[in-house]
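Generate coordinates for the entire structure from the input sequences, incorporating the hints supplied.
Residue numbers (the working numbering), protein chains in the order written: chain A, -15 to 115; chain B, 8 to 213.
No lab work stands behind these hints, which were simulated from the structure alone. It is possible that some hints are incorrect.
[What the hints assert, rightly or not] What the simulated footprint calls covered on chain A by chain B, stretch by stretch (three residues with Cβ under 8 Å from a Cβ of chain B suffice, anywhere in the stretch; the number is not a length): (1) 40 to 50; (2) 81 to 95.
[Claimed, not checked] Taking lysine-lysine and the DSSO-like style, the derived pairs with C-alpha atoms no more than 27 Å apart in a straight line are: (3) Lys60(A) x Lys198(B); (4) Lys62(A) x Lys112(A); (5) Lys198(B) x Lys167(B); (6) Lys163(B) x Lys96(A); (7) Lys204(B) x Lys112(A); (8) Lys62(A) x Lys204(B); (9) Lys112(A) x Lys90(A); (10) Lys198(B) x Lys163(B); (11) Lys163(B) x Lys85(B); (12) Lys204(B) x Lys60(A); (13) Lys209(B) x Lys167(B); (14) Lys204(B) x Lys167(B); (15) Lys198(B) x Lys87(B); (16) Lys96(A) x Lys209(B); (17) Lys209(B) x Lys62(A); (18) Lys198(B) x Lys(-11)(A).
Ideal Cβ positions, reconstructed from N, Cα and C, are used throughout, including at glycine.
So you can see what is in the structure, the chains are spelled out below.
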Amino acid sequence: MKQMKAYVLAGCVALLGMIGSIGCVSTHSAPVDRRVTVAPDVSSSVWVTDVRYGQGASDHYTLQANVVNTTSSIQKLKYRVVWLNGEGIEVASTTSNWQDISISGKDIAGLKAVAPIPGLLDFRIHIKAGE
Amino acid sequence: MKKTNWFTVMVAGATGLFLAGCTTPTTNIDTHNDTAGAVAGIDYRDLRRVTSDMINSLLASGRLTRPNGTPHVMTIGKIKNDTTQRFDTDTLTAQITEELTNSGKVLITSAMAATSDNRDEMITTTRSVRGDAEFNQSTVAGQGQLLAPTLSLSGKIIQKDIAMDNGDKQIEYYFQLRITDLVTGLQWWQKQVFVGKRTDRKTPIW
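Printed below as a string of structure tokens:
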């Protein structure tokens, strides 16, 4: 009986340990936003942690994608923001051109863009390695 | 004599082939994926970055939004090129005015501008035929049709050359643009964008 109790207790402890360890597992992967595309050669070095947008004082939406450099060295990147209308067709904008940005090691930078037309909110962000 | 001539021809031919192989072939610039290095002067990549920063600042400011939603009428004022380079400042303003027009916030007038390049002479020419019996007068623009601008876009591009300790040259370009309310004289918006270059002291920048 005592032995059985010991086995049950051990089993409960093991089960609790397993449940606890599930919550502690670190995925080491970037949050997923389907509107963001990061080139494979930099996807392990930079993560887009979140994308925020707001109108502020304007009726044009301003978006900011926060990018973290997970390495210790400077990351030189290029990014572009493509705005899409209601039919999913690209709207011409200066932000559609590739822009350069450098992020220091272990630092965060905000990639900003303003919609070319009031009320436009659908966008895609592309990030690739810079020179 | 024949040997000399033959030798001369060989040398000339070899020299020609060598020089032909040293020339750079002409290619089109892939503007979507331009991997060429930076240049000391202002190139289209710099202008793209400048106009992008300017547009983002202007649209985000909300200053061009009217309560009734109607667009402003804007004229292109003087954009001074205070650099050693000869380039048309319209290459800077053209992209900006295109974006502003597409945003629906602004309409650019061709009836009044600081330079003739931004004025359309046909506006005056079509009015010169008033009273001319050859033209159907109902199709000729009547008086009082032109809209006066209420805003003006003007600015300056400044260049500053600095000698570095190692003998290299640092070139600083400052792009300054502003929008002025022509009714009150007040500046509604202004922005300065900096573009910096470092190059060998012997590199020409014109």
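How the hints compare with the structure:
no.: 1; hint: 40 to 50; result: holds (count 6)
no.: 2; hint: 81 to 95; result: holds (count 4)
no.: 3; hint: Lys60(A) x Lys198(B); result: holds, 25 Å
no.: 4; hint: Lys62(A) x Lys112(A); result: holds, 5 Å
no.: 5; hint: Lys198(B) x Lys167(B); result: holds, 18 Å
no.: 6; hint: Lys163(B) x Lys96(A); result: holds, 25 Å
no.: 7; hint: Lys204(B) x Lys112(A); result: holds, 23 Å
no.: 8; hint: Lys62(A) x Lys204(B); result: holds, 19 Å
no.: 9; hint: Lys112(A) x Lys90(A); result: holds, 18 Å
no.: 10; hint: Lys198(B) x Lys163(B); result: holds, 11 Å
no.: 11; hint: Lys163(B) x Lys85(B); result: holds, 8 Å
no.: 12; hint: Lys204(B) x Lys60(A); result: holds, 17 Å
no.: 13; hint: Lys209(B) x Lys167(B); result: holds, 16 Å
no.: 14; hint: Lys204(B) x Lys167(B); result: holds, 10 Å
no.: 15; hint: Lys198(B) x Lys87(B); result: holds, 15 Å
no.: 16; hint: Lys96(A) x Lys209(B); result: violated, 37 Å
no.: 17; hint: Lys209(B) x Lys62(A); result: violated, 30 Å
no.: 18; hint: Lys198(B) x Lys(-11)(A); result: violated, 77 Å
In summary, the numbered hints that this structure violates are 16, 17, 18.
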